[in-house]
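Each protein sequence line maps, in turn, to chains A and B. Counting in my numbering, the first sequence runs from 1 upward without gaps. Counting in my numbering, the second sequence runs from 1001 upward without gaps.
Hint data in this document are derived by calculation from the structure and do not stem from the laboratory. Small disclaimer: the values here were computed from a predicted structure and weren't measured. All residues carry an ideal CB built from backbone N, CA and C; glycine is no exception. Accuracy of the hints is not assured; some may be wrong.
[Stated by the list, open to error] Quick look at which bits of chain A chain B covers, simulated, 3 or more residues with Cβ under 8 Å:
1. 32-38
2. 54-68
3. 141-150
4. 189-201
There are 2 protein chains.
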Amino acid sequence: MAERPRVVIIGSGFGGLAAAKALRHAPVDITVLDRTNHYLFQPLLYQVATGVLSPADIAVPSRLLLRRQRNATVLLAEVESVDLETRLLQAEGGKLQIPFDYLIVAPGARHAYFGHSEWEPLAPGLKTLEDAREIRTRFLLAFERAEREPDPAEQALLLTFVVVGGGPTGVELAGILPTIARRGFKGDFRRIDPARIHVVLVEAGPRLLPTFPERLSKRAFRDLETLGVQCRTGAMVTQITEDSVYLGDERIPTRTVFWAAGNAASPLIRRMGLAVDRAGRAQVLPDLSVPGHPHVFIIGDAAAAEMTVPDVPRGHARPSGAASYVPGLATAAQQMGGHAAEGILRTLARKERLPFRYRDRGSMAVIGRNRAVALIGPLQLGGRVAFWLWLLVHIMYLAGFRNRLSVLVEWGYAYFTFRPGARLLTDLTPPPPHVATQQPPQTWPE
Amino acid sequence: MAERPRVVIIGSGFGGLAAAKALRHAPVDITVLDRTNHYLFQPLLYQVATGVLSPADIAVPSRLLLRRQRNATVLLAEVESVDLETRLLQAEGGKLQIPFDYLIVAPGARHAYFGHSEWEPLAPGLKTLEDAREIRTRFLLAFERAEREPDPAEQALLLTFVVVGGGPTGVELAGILPTIARRGFKGDFRRIDPARIHVVLVEAGPRLLPTFPERLSKRAFRDLETLGVQCRTGAMVTQITEDSVYLGDERIPTRTVFWAAGNAASPLIRRMGLAVDRAGRAQVLPDLSVPGHPHVFIIGDAAAAEMTVPDVPRGHARPSGAASYVPGLATAAQQMGGHAAEGILRTLARKERLPFRYRDRGSMAVIGRNRAVALIGPLQLGGRVAFWLWLLVHIMYLAGFRNRLSVLVEWGYAYFTFRPGARLLTDLTPPPPHVATQQPPQTWPE
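All chains, please: the whole structure from these sequences, using the hints.
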């Protein structure tokens, strides 16, 4: 063992960074490994995906956040394998071998397509800045294509957007699309009326926002319908093609589908040789360590951490098979990061570790301008109050970011003008997959 | 002919947009075609390339800028061919055919590698937002790789940056790199000292900024050397490889090369069947129209427009073979756009067209914080005065942009903290070409 225990943290998301920060005064050498160079404020990713915010507004280099913490080193590296016995991990195609005494695994999750990985290119999900740019490109490009399209049927196809998944991400993404199209794009086109946008939100379960109380689910449904989003609950997507989403026999004609329906923990967990559940998560012990490997912790979206009954927040529903686990929220990941760090400190101090207890900080989903739902302890809020609360909480969360001021500028601009400020199409070559099939040449004007 | 004359403008850069705006009250139907959806403030592109600004800070959707102009339609389309005889152009793989009565061609320029197109993947240039992101990625990635690199020789290779081309773009890019590394990255790394950055600026001609008076060239040279940039004038690049730039027999070991050495007009000009000069530009008549095709204008970087002697700005040097042409500057393109529009209006009014006269608005290059050179009429400025003048002029130019406020926020942040606010690595898969060659596995720490 080195002079000071070596703590390696995989992932610089909410969990990994919280763990690193919680160890700032500890006599350990920390190495944070991440495949990106930034800490990403994922809850606002849908605003980058719709051009309201720029990537730099919600992402900060992780090494900048840890620069004053002299016991922490940040390395840009993709971890390929972890040997729990020899306590050695390999990264960057084996070029980098990193030994550890303690390991905190916080690699996050990707989308899950429930065995239909062929849908991924047709229905991109929203987890990274690259995802957000891909969705932004498809959203903006659909309008550009509709504008140069003479066939009204194809125009309608291009102006239909299907969002799959009625959790917070799906609700937030579906909710913002009609507002941007109707208000933000007003007057910008000559051959199409962007207000003709048609947004369909598809949820397989019986209601939207399944982790919220039923009252707020209903509120979200109503608010979305008021905004013009067609909400289809209890509807299972059975097929996605270049021009359709099928719900069983029913066909929704569309050229643009976004995926917000399921999570799968990073494949690293499986590669570590651990048993995983359907969502790719590893079961952890109450102290968040891996059974049989007390020096290895798994936290955040990659961990299946059982909640003891008193932890289940009041008012929260229990979707079958999920409710007994710590939810996949930013604050949960942060708490788990802090707890794993504390576990290491306790072991170093020869104290017994404590079981993790999730402290509910509430949850929120914004549906549109002046519309949101919020659940804080026993409090169930909707509408304008919830919206401004959401805004306040997110500005406070961003406070650690130097980007706060520019986010305020962008939000102020977007709130008063309805216009997205980062409406950029880049990387148009090679063209995205949704290229219209061969057509006879069009003449312009027809 | 349609009821109203159809004016088609190719390109929504400085020239194309100025032409469209100059026709706002004209009884014509304007179609602006562009392969991107945005108007790009190219003079600040190097700040996006170094992470100081976000793409959205310097780019605005062209349809947003033209939305109140009811006689203008914007179409996202890549033009493939133009038939000057039948007055029909083809775009989007022939799917779109657009007839015109008047055509203004303003497609801009790409980089020229002087017959060495194999250098392009090794030494990216800086013309588009994609280019800027590519350069930003390579710049940031070099430091990330150096940090995880145990071999000091490879570290030095990674921390050496060569900028080829001593015009304003090369000078501005080379000048900003050491400041960002020394001040902006200070304290962020553990195994490397970013202040060890080594920047080399290579210029084939006898001096930097060849279009400026000799005194300002010398000033720029001195300022850059003070910042730690090694300036190599009279040095021709003869070869670029994965780990070297060769100047004849001399080798500069480096993993990162940026190209700012030459322009070539869009290949569209050649595809139009016009005779082009070495820079791919078409010779135009004094009214900026194409010889034999009075209804077709070529403007901006794609036009070789001869300057009559009185147009040559005072103080400006004449680099051999270039001085008699209107310079490739934003203001020149804007003036040409306005002039082409006026030419159409005069023809519609059955008046004779006037020859284009370039009005010199001065030129500037910023070298670093508090350092710039400026040439305004007879005035030659350097240092702090020129820097603040540069800042003032650019803020004024950005005034038409809604991004002005966020640029001010970013600049204020960068000026006082030295930190680039958009220091993001995205699209790391597939890895950029400069992958280190096969190495034995490294152990961390060594």
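Q: Check, residue by residue, whether the segment 32-38 of chain A contains three or more positions whose beta-carbon lies closer than 8 Å to a beta-carbon of chain B, and give the verdict.
A: holds (count 4)
Q | Proximity test - 8 Å, beta-carbon atoms, the segment 189-201 of chain A to chain B, at least three hits | A | Since 3 is at least three, the answer is holds.
Q) Mind checking, does the segment 141-150 of chain A have 3 or more residues with a CB under 8 Å from chain B? A) Per the Cβ count (5), the hint holds.
Q: Take the segment 54-68 of chain A, compare each residue's beta carbon with every beta carbon of chain B, and decide whether three or more fall closer than 8 Å.
A: Check passed, 10 qualifying residues.
Hint compliance for this structure: every hint is met.
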